[in-house]
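Since chain F is already given, all that's left is putting chain S on it; use the hints.
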Amino acid sequence: MKPYLGLLRMSTRRILTYRLNSLILWIGGATFLAGSLAVWHALLSEGAIGGYDWDQMKAYLLVGWATASIGSAYGDWWMASRIFDGHVATDLTKPLDYQWARFSEHMGGLATEFIAITIAATAIVTFTGGLVVPGPGQALLFAVSFLLVAPLKFTIAYITTMACFWTQNFMGVSWAKDAIVTLFSGALIPLALLPAWLAGPAAVLPFASITATPAALYLGQATGWEALRLLAVQAAWVLVLWWGARLIWRRALRALTVHGG
Amino acid sequence: MRRTLRIYRRSLGAHLRAVLEYEADFWVLIVAGLLFQVLNLIFLSAVFAHVPALNGWSYPEAVLLAGTYGFVNGLGPLFFEGTWRLAGKINHGELDYPLTRPAPVLVQVVSGGIGLHGVGDLIGGGAMIGWGLAHSDIDWSPARIGGALLLLASSATILLSLIVVGNAASFWVGGNHPVFAMTLIRTGDMAKYPLSIYGVAVRATFTVLVPYAFISFFPASWLLDKESAWIGLLTPLVALYCAYLARLVFRHGLRRYDSAGH
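Protein chains in written order, with the working numbering: chain F, 1 to 261; chain S, 1 to 262.
This is chain F alone, in the form it adopts within the complex:
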């Protein structure tokens, strides 16, 4: 446990070394959130769309933004560059589990992410006149599902990054993943508003657990057994993808090419 905590601390420090960088990135994130709020404000000025009025949409967008921000430190980019330049070979000699080590690195951003999300929520409450707040039961369900988002997003990013054992360019792979996650998680637009041919796949893919599930719990669209079912689905995806990643890892290792040394 201790070495993994060390990796997590190191990753946090690494992010905090370039404070100005992080700050600028968060300002960018904040303008993105403000932009989506403005777009939806204009869209909803004539009345609710698909059951979402302005108050609910505000909360939805905040949850969507928060789930997109959490656990998205540069862990996957570090891992990708170490595979490309061959440093992964030294990672393999360390007496650590590779997947757990990368997971620890990935979580290094959590501290700053929680702070940024709190600030964004406060700003929305201050500037747009309040925010829908769930009751204690729903809030607890939401908190659990929100915490599950971090490992879920890690497994998806980790599996995607393993593509680097076969390709030479991580950017395209990472962007394709981002596009697919954005669409099918509900971060682009609530899944209920998608046309049927997209809503169908979205319902069975793991990505809905990233945004749609926490949002449904926050907004109280899913209560009681339905809420627990959604949480169970989310937890199941974390486990399936975690162990699936181990299977892929075994194959990926055989595809590894390191030149020179």
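Worth flagging that the hints you see were computed from the coordinates, not collected in a lab.
No false leads were mixed into what you were given.
Residues from chain F that face chain S, not an exhaustive set, calculated with beta carbons under 8 angstroms:
| id | residue |
| --- | --- |
| 1 | N21 |
| 2 | I24 |
| 3 | I27 |
| 4 | G35 |
| 5 | L43 |
| 6 | W166 |
| 7 | G172 |
| 8 | P195 |
Counterexamples of contact, computed for chain F against chain S with all Cβ distances above 10 angstroms:
| id | residue |
| --- | --- |
| 9 | S72 |
| 10 | H87 |
| 11 | D97 |
| 12 | L110 |
| 13 | L131 |
| 14 | Q138 |
| 15 | A139 |
| 16 | V144 |
| 17 | L148 |
| 18 | A150 |
| 19 | L228 |
| 20 | R250 |
| 21 | A252 |
| 22 | L253 |
| 23 | H259 |
Note that CB positions come from ideal geometry on N, CA and C, so glycine has one too.
Chain S in isolation, oriented as in the chain F frame:
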């Protein structure tokens, strides 16, 4: 000038050959670029299935606007991708090499890479422009066609200049990643929707401070004869100003470059 262009072309060509060595990457990048344009389209079509217009912009008009923004954004990776590697070059002291070569540093930096995802953006954005034009009510004349092409070229100049300005900020910001440029360009994504939906502060900022609105909104407004369409005709002037600014900022930044201890 001709020599500079030749250097630019040959440098870009070398990077293109290098990138084409990896066939899988080629397809992955193009598909990734295309996917983002498809996302824009899905968002618009899902939204317009529920509302008839967005602040006076119909569905085809909104598609035309988003398509223009996407198309112009595809030019960056294709022709100016090297600019995004400037931060890394400064951080690692690799700018020493361009500085010693007998060619303009900016040209060497700008042509230092090629991003094929731009092809996906061009295809997706171009298709959206075509569809939007076909379904919008435009009074075509030779002057309008010429004007549209001029505005498109100007808006491309604005975006490419902003990319240079944003990345040149790495001379001051430091760090290995061009975060300032990423934020600058990502904020511009707000310009794929009609500017009129934003508050007055955003509109003023996007028109005067950072002219994102001239990348797609004002040119498209002119073409579609929207409210205050004449502002679109200022786009070439804004483009000249941005190009000048990019040159100025890069030169000032370059003077701050102090290499890295080797």
